Amino acid sequence: MSHGESVVVVGAGLAGLRSATALRERGFAGEITIVGDEAHGPYDRPGLSKEVLIDRRTVLDTDLPVSADLHARWLLGRRAVSLERNRRHLTLDDGTTLDYDGLVIATGASARPWPGPGGLPRSGVHTLRGREDAAALRRALTDGGPLLVIGAGFLGSEVASAARALGLSVTLVDASSQPMERAVGPVVGSVLAGVQRAAGVDLRLDTTVTALPGRSVLKEALLSDGTRVAIRTALIALGALPNTDWLRGSGLRLNDGASGGIACDHRGHALQADGRPTSDIVVLGDVAAPPHPLPYDGSPAHLSLGHWSAAVDHADTVAAALLGQEDPAHEIVPSFWSDQFGLRIRSVGLPMLAERTEVHEHDPVRSRLEATYHRGGRNVGALTVNRASRLAAHRRRIVDAWYREETTT
Amino acid sequence: MKVHVDMALCASHGRCVFAAPDVFSFDDDEELTYEPSPGADRRAEVEQAVLSCPVRAITLDGDHG
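If you read the protein sequences in the order shown, they are chains X and A.
Just so you know, the numbering used here puts 8 at position 8 of the first sequence, and the rest follows in order with no gaps.
Take any residue in the second sequence, note its place counting from 1, add 1000, and you have its number in the numbering used here.
Hints are supplied without guarantee of correctness; some may be wrong.
Under the rule of at most 25 Å between Cα atoms (straight-line distance), these lysine to any residue pairs were calculated in the SDA-like manner [claimed, not checked]:
#1 K1002/A with D69/X
#2 K1002/A with S1025/A
#3 K1002/A with R1042/A
#4 K1002/A with L64/X
#5 K1002/A with R1056/A
#6 K1002/A with T21/X
#7 K1002/A with D1041/A
#8 K1002/A with E1045/A
#9 K219/X with A230/X
#10 K1002/A with A230/X
#11 K219/X with L205/X
#12 K219/X with V229/X
#13 K219/X with I54/X
#14 K1002/A with V66/X
#15 K1002/A with P65/X
#16 K1002/A with E25/X
#17 K1002/A with A68/X
#18 K219/X with G145/X
#19 K1002/A with E1030/A
#20 K1002/A with A392/X
#21 K1002/A with A199/X
I should point out that these hints are in silico values taken from the structure, not numbers from a laboratory.
A quick note: this is a predicted structure, and the numbers were derived from the prediction, not measured.
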């Protein structure tokens, strides 16, 4: 693609903003149009399950700064509904059509809905993904508990923490044996479980919600351990699903495995159904499913992680790809964090792949922890709690192990 | 080049240390410390640190306040 042509960015969140910014930084002088399905411009999501719920920040504090040099045309409150790749042509839900020379798909993800069994009462049950969700949940928490959180992943654990800080009684239910088990493994998960229980959370592990009875007002939940919990509010925190429905029939390869998303190559070029990369479409953020960074026997070929850092770290790479410029070959290591119950959990690499966790430090008094994660002879990740000083060295070791094929254990 | 970190915002994500290890580091008490006047040759790294900070605590030159 050359200068003077036009780029459409579908998605006005962090990934849409960062990809557009990176295009300008790489010298693209043509027209940039950014389409967003929410009424407002880019905002940051991580605070929505933390400070925003306990009133330390308002939703407006999550606005992302937009450079005056971006010179983009914003089409907000509109959703892309179809893509005709052969004509380089998009249609929006209000009938607007857009032609492009280059397309960035950054449509993000949505909260996974209640999977059942059974239906839901009309009021009292929440999901949390966008600003309006956070504002609604905050109003509900202000009215008081008890709160039931279904799913003890990042989001569920953080909301449980915020609700405890507000003095609500909280029941946190997860089908796994430890909170955040998939992300941090069973060893660190058991440490988190202890912290959550010490903070007064009624943590029910190896447990599912079998019903949220009632048609109008939420009153109670039935759990698989046979108990009933009286509740005023429930949050369904069962993960997110990449927003790819509008691309059915577009001829792009959707990653229909568990993590979903649009399959792309290591530079972010979307793949066609036959597996060949497109040259004029790149994907970024929660909707992107790049090649698995550390494939192993039986691993999926593509993996959508949904990390904040992916949108930030890959933005320059996908901008270069769309402009037909040389691959900047950044040495990218996935990373995530969670702030809950006074713990600053920071991770690099992919602890989820580990067969073995090594705990190097665990100081319950100062709530410090340092752990590394291993698969075969490989260091696949590291995690610290209130010990960020140790992270950079772990990250360097992971870069060496992943990018320079030196094996560390 | 002048660097400023709003320590009220800093949440010890450590991403600035990944991006610009000669400018940012943690002390023995797990507090972030940094060189407020790094050499001009560090600009690209510090710009990367600004972009990488999840809480937008880092500002460069006169662009804060």
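Taking the hints in turn, this is what the structure says about them:
With a C-alpha separation of about 22 Å, the suggested pair K1002/A and D69/X falls inside the 25 Å cut-off, and the hint holds. As the CA atoms of K1002/A and S1025/A are separated by approximately 16 Å, the hinted pair is consistent with the 25 Å bound. Distance hint between K1002/A and R1042/A is fulfilled; the C-alpha atoms sit about 11 Å from each other, no more than 25 Å. For the given pair, K1002/A sits about 23 Å from L64/X by alpha-carbon distance, which is consistent with the 25 Å threshold.
With a C-alpha separation of about 16 Å, the suggested pairing of K1002/A with R1056/A holds against the 25 Å cut-off. Straight-line distance between C-alpha atoms of K1002/A and T21/X comes to about 23 Å, which keeps the hinted pair within the 25 Å bound. A threshold of 25 Å between alpha carbons decides the hint, and for K1002/A with D1041/A the separation of about 13 Å falls inside it, so the pair holds. For the proposed pair K1002/A and E1045/A, the alpha carbon gap of about 13 Å is at most 25 Å, so the pair holds.
As the CA atoms of K219/X and A230/X are separated by approximately 6 Å, the hinted pair is consistent with the 25 Å bound. Distance restraint check for K1002/A and A230/X: the Cα-Cα separation of roughly 55 Å exceeds the 25 Å cut-off, and the hinted pair is therefore not satisfied. Between K219/X and L205/X the CA atoms are separated by roughly 22 Å; this keeps the pair inside 25 Å, and the hint holds. With a C-alpha separation of about 9 Å, the suggested pair K219/X and V229/X falls inside the 25 Å cut-off, and the hint holds.
Of the pairs offered as hints, the one joining K219/X and I54/X holds, with about 24 Å between alpha carbons and a cut-off of 25 Å not exceeded. For the proposed pair K1002/A and V66/X, the alpha carbon gap of about 22 Å is at most 25 Å, so the pair holds. The hinted pair formed by K1002/A and P65/X meets the criterion: a straight-line CA distance of about 20 Å does not exceed 25 Å. For the given pair, K1002/A sits about 22 Å from E25/X by alpha-carbon distance, which is consistent with the 25 Å threshold.
For the given pair, K1002/A sits about 21 Å from A68/X by alpha-carbon distance, which is consistent with the 25 Å threshold. Between K219/X and G145/X the CA atoms are separated by roughly 11 Å; this keeps the pair inside 25 Å, and the hint holds. For the given pair, K1002/A sits about 23 Å from E1030/A by alpha-carbon distance, which is consistent with the 25 Å threshold. Simply put, K1002/A and A392/X have alpha-carbon atoms about 23 Å apart, close enough for the 25 Å limit, and the pair holds.
With a C-alpha separation of about 42 Å, the suggested pairing of K1002/A with A199/X is violated against the 25 Å cut-off.
This entry does not satisfy hints 10 and 21, going by the numbered hints stated previously.
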